[in-house]
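Protein chains: 2
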Amino acid sequence: MADLASVAKRAGVSRATAARAFSSPELVRDQTREKVMAAARELRFRPNTVARQLRAQATRMIGVMVPSLDNPVFAEQLQAMEVAARERGYSLLVTTSEYDPARESDIVESMLRQRVDGLVLTVADAEQSPLLASLRRESTPCLLVYNPAGTSGFPSVGVDNRAASEAATRHLIDLGHTRIGMVAGPLLQSDRARQRFEGYCQAMQSARLTPCALVEMPRHTRAELAPLEGQLKSQQPLTALIATNDLLAISLIGELTRAGFKVPGDVSIMGFDGIALGKCLYPSLCTIEQPRAEIGREAVNALLALLEGEQHAPPLLAYTLRDGESVAPPVSSSAPCPTQRGSHHA
Amino acid sequence: MADLASVAKRAGVSRATAARAFSSPELVRDQTREKVMAAARELRFRPNTVARQLRAQATRMIGVMVPSLDNPVFAEQLQAMEVAARERGYSLLVTTSEYDPARESDIVESMLRQRVDGLVLTVADAEQSPLLASLRRESTPCLLVYNPAGTSGFPSVGVDNRAASEAATRHLIDLGHTRIGMVAGPLLQSDRARQRFEGYCQAMQSARLTPCALVEMPRHTRAELAPLEGQLKSQQPLTALIATNDLLAISLIGELTRAGFKVPGDVSIMGFDGIALGKCLYPSLCTIEQPRAEIGREAVNALLALLEGEQHAPPLLAYTLRDGESVAPPVSSSAPCPTQRGSHHA
DNA sequence: TTGTATGCGTTATCAC
DNA sequence: GTGATAACGCATACAA
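These protein sequence lines are chains A and B, in that order.
The numbering of the first sequence is full-length UniProt numbering, which starts it at 1 and goes up by one.
The numbering of the second sequence is full-length UniProt numbering, which starts it at 1 and goes up by one.
Watch out, some of these pointers could steer you wrong.
Residues of chain A placed beyond 12 Å of chain B at every Cβ, according to the derived structure [what the hints assert, rightly or not]: (1) R15; (2) T17; (3) R194; (4) Q202; (5) C212; (6) E229; (7) S234; (8) A305; (9) L307; (10) P329.
Part of the chain A face toward chain B, derived, beta carbon under 8 Å [claimed, not checked]: (11) A75; (12) L92; (13) R222.
Derived from the structure by calculation, the hints contain no laboratory data.
For each residue, glycine too, the CB sits at the ideal point set by N, CA and C.
Full structure from sequences and hints, please.
Put into structure tokens, the structure is as follows:
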């Protein structure tokens, strides 16, 4: 491919002038610039970003690592990041970690070798992460997304998971539920799942209710009924469940309905994340909505601010309790309803 | 950041030797290599990929452009691509076009400047694309995903949309449906939506049934009932609908149910794409499953084959008809249902 | 306003 | 086995 030198020769100017015609057109006489551009067109010249990156010691690339793109929460955030980054002239190098610490480290190492200008990461557990520990010794700016800031030392973009989960739980309590459980993915592997459980416990205790043990599902995006059997079929069955993410909640509704339970008649289901699809279902998913797009945009903005040396600590973003048809007051056990249950509700 | 020169100095060897210690260790004496590695560790040296890319005239980066990450179909494909690419030492530069031709062109131009080794694109309409036309003049290998190969001149990875849609329609016909409609996103903007409509018409005609006009939704990921009112409330209402993508199908089920229709009792709904979530719902989504992960992997493989000069034309991949609870035989119209509904819904 | 010269960090070629 | 050197394509300090 043609390079600046050949363009310069063809235009009858020096390499420096040809270069300027592209990177600082205002420094070059109109007529000269036109000559250069014409030559460039004829040669189908295309500036080589790699060379520019090497020369400039900056890539205008952001390294992004998310656990998985199979969860719309991350895909929706990434979608917003890409738009925001492109607007400001940055590109995204995108990777997925599958929550695997070894992969996390490999990925970040390769991104650092690629000399990305900054990193936007979502790790399994920010508190326990050896990766983040070693990253603190690097000079590449780094931002966490969804991970609570905690003690990691890195700024973080996201909502207050604990408070949000507490609000979700309180919402159910306010509706009259007393036997509320929480369902999570495997291993409680993520810091946010842990915080969400804490928020739940907090809300229960504040209402003088007894938190149930966390129910762990074998996969973090698809629910099964087996681990819940006991609590659903007991004398005092749970009347509401909170899932630590929407995918879990949605599949829980599916499984419960298939098994003959009414949602929300027999059991109310609440999600967490606010993925777009939740609004389109019937019953629509009642959930804590994290502003995924705003999180993505703010991650880009905050990172670029860091790059420019500002100490712009990103604020906690606001979550929203999105009401939905998957939640209703519990059917009063004192008034066993015959045919119906809350046909609608608020 | 430390460079090879400083590592070399510290190790008491030449730059060339230091470089060899990394890129071709076998060419260097064990003892020398150890010295180099030690120096590298002490200086926290990290090879600069950008310099290597410039020198090698190859980036080991693949430029990926999808319409949107808000549709799990693309996110799931991308997830698989990322894993496959990483396995083979490649990175992904990811962009979203929002189906906007101007954006498509900008994006590809910037990726070519970045000297990606190859492109994997999903465009709105491969037949009509000026972008693809101009891309044919470039030497960068390019692969289409989901777009039918058609006349674009580029190899393409995906399923036979026409045949798949025909199979979907036939499935409904075989169940006894005769009044079947198709629902699509706005503008029929995508070549695959068009093919899917053709497949539907083909199947209808083969069965001596009359295809209905395509129903266009204002958004391509969320259905509304208004455009369907006529066909659902007529004397001879439709008994089955095929959506051109799963998100549309799922939201259609939601809206219909909310409006008092039974799915599949009153109307059967069939999707297209096979996103993972469809299996978790109740009713589970009957759909044409495209092998998203396989498509992603095969896209990477086929592109890398192209890079190595092989003329590995990727084969059409197999779709699957995934059965689901959203589809059932039509209720015999000779037995008009009394209790009927349609009580609400706009 | 334009030209000259140099360096960004690596690797490949050629000697030794 | 190892060292010296050039080249990848661009942008800038400095001189004219």
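**Study point:** Which numbered hints fail
**Key:** none
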